[in-house]
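Q: Single-letter residue listing:
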Amino acid sequence: MSDEKKDGFEPTIVGFLCNWCTYAAADVAGSSRLQYPHNVRAIRTMCSGSVDPLYILRALFSGADAVLVSGCRPGDCHYVSGNYKERRRMLVLKTILDTLGLEPDRVWLRWVAASEVPKFAATMNEITAEVKKLGPNPIGGAWSV
Amino acid sequence: MAKTVGFSVKDGSVTGAMRRLLKELLEKKLVDAVLVPLELPSREMVVQTLVMQADVLDAANPLAPVLPVTTANIISKITRLASSQKKVAVVARSCELRALIELLKLKQASLDNIMLIGVDCFGTFSVPDYKQFGQENQAPGDVFVKAVKAGKADARLREACQICEYPYPLVSDITVALIGSDLDKQLLLLANTPAGELVVDGLGLPAAAGDGRQAAVDKLVAERVKRRDEVFGQTLAETRGLEKLTSVFAPCIGCHNCRDMCPICYCRECVFDSQTFAFEADKYLDWASRKGALRVPTDTLLFHVTRLNHMATSCVGCGLCQQACPADVPVFRIFRLVGSKVQPLFDYVPGRSVDEPLPLTTFKEAEFEKVGFE
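Note that the protein sequences, when read in sequence, are chains A and B.
Numbering follows the numbering used here, with no gaps: position 131 of the first sequence is 131.
Numbering follows the numbering used here, with no gaps: position 198 of the second sequence is 198.
Hints listed in this document are in silico derivations from the structure and should not be mistaken for laboratory results.
Quick caveat, the model's predicted, so the values are computed rather than measured.
Glycine included, each C-beta is placed from N, C-alpha and C at the ideal position.
With a cut-off of at most 35 Å between alpha-carbon atoms, the simulated DSBU-like pairs for lysine-lysine come out as follows:
hint	chain 1	residue 1	chain 2	residue 2
1	B	226	B	341
2	A	133	B	291
3	B	10	B	149
4	B	370	A	119
5	B	152	B	185
6	B	341	A	132
7	B	244	A	132
8	A	133	B	244
9	B	3	B	23
10	B	364	A	85
11	A	133	A	85
Estimated spans, in silico, between C-beta atoms of each pair:
hint	chain 1	residue 1	chain 2	residue 2	range
12	B	292	A	8	12 to 22 Å
13	B	327	A	35	48 to 58 Å
14	A	78	B	296	33 to 43 Å
15	A	52	B	225	27 to 37 Å
What the simulated footprint calls covered on chain A by chain B, stretch by stretch (three residues with Cβ under 8 Å from a Cβ of chain B suffice, anywhere in the stretch; the number is not a length):
hint	stretch
16	54-66
17	80-91
18	107-117
19	136-143
Please model the complete structure; the sequences and the hints are all you need to start from.
A: As C-alpha cells, then:
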C-alpha cells in the first residue's frame, strides 16, 4: 500500500464499552464537547465480561480494523469479577490469533472508569493512531474467510 | 504412593486377563455394572457397552486400538440428569478420562458411584483402519499390544495418538498398568484412591513391585513429545497466516462433525446452529459488494476460531474432531497446536486434576496486567 493511501486511511474500530464505566465516560466526553476520533463505533454492553470472543472475531472477520473492549478498572467491576474474567479470555483470544498468524495487535483491552473522561478521549486517540499505523485489516478484503 | 498388585496373565492374553478381572468385579459384587468396549461377533468394531451380566464380558475388548466415540461423552449422557446409586466401573483410556474430568468441571457429568479404571494406551487406529485390522486378526487387542511390546511402530496409529504425551491415566481409581509391565506374566493394578484400594483389596491380589514402570513411561512420553514437536513445526509452517489458513479451511463443508464429536464442546444449542448468523439476501449482497466477493455459506473461519476460544483451554487432544472430518481438514493439528500455546498460560493441563478450576472460570487479581496494553 502506498504511503499516500495509508495516510488517508481512517480505520473502523468497534468498541465494546461497559455500561457502568467506559460507556458513561464516552457519554460525558460527548456532552462536554471533548474531542476524540470518530473512528470508534461504540456498542454498549452490560459488562466487559459479557463480551464473548465470538463478537470480537465476528467484527474482525467482517472487516473491522480493530476491536476494543473497555471496562471497569480491576477491582471495580459492577458484577465483581467480569473484567478479570474478560482479561483471561482476551489473553486466550490474542494467543490464538498470534498462533494462527492473524494479527493479535488489532484486539485491544482497556480499563476506563466513568469519571476518567479525559482518559477516555486520550485512549481513543492512542488506539486510533496505532491502528492507523497497522493499516487496513487484510481480512476485511478477503472474500474467502 | 499407589498400592500396586499383580493380576496374572494366562496364555499370553492380556485381553483374557482384562476379561477375568472385570468378571471378578461383577461376580464379587465389587461393582454393579461395567462400562467397557465389547467386540461384536464379526470383530468389525468394538462398542462401549454397559454390562451387568458377567458372562457377557467374554466379548470385552478394552485393548482394541480404536476410539469410535469417547467414553467421556457417554458418561456425561448417562449421568447428566441424575447419577445412580448403583456402582459402575468405567474402563477408559487416558484421553477419555481427561475429557471426563473436564466435563465434570463443566458440570456436564457426575462421578458419583463411578469407579474409574484407567488403562494405559498405546494408541488407536482410525475406525476404518481398525475395521480391517479386526477382521484380519482373531484377537486384535492382544495382537496390537504384543506388536507394541515388541517395539514395532505402527504407521496406522492416528496422529493424535502418535503425539499424545499422556499414554497413562492422570486421574483414575485403578490404573491398569501395561507400560513397563511384563505382560507375559501379569498386569499391574495401581490403586490410586481409597475407593480403588477397597476394590483391589476385595480382589485379594498379591502385592507387586512396579519398578520398571516410570522409566518405561518416560521413554514412551519422550518419543511422543519428539514427534509432537515435529508435527507442531509442520503445522505452523503449513497453516499460519490468513492466506494459508483460509486455504486450509477451504474444504470445510460446515458439517460441524468436529464440534459434535468434541468431548469439550458441550453446549446443547450451539450459537452456530442458531439463527444468530442468518440474514436477508441484501445483507449478503452488501458484504459481497464491499469485499468484491463473499464465500457462502459464510463464517467458516469464524466457526473454527470461535470454537478454539471456547474449548482450547480444555482440549485433551483426543483427535476425534479429525476422525469425524469428512473433508480431511487438519482440524486436530491446528487445535492441538493452539491448545499447546493456550494451556501453559495458566499452567493448566486438562484432566490433570478435579481440583484445578477451569482457567476461564477463575482469575487472580494481580495477573496478566499487560494484556491489551502491549
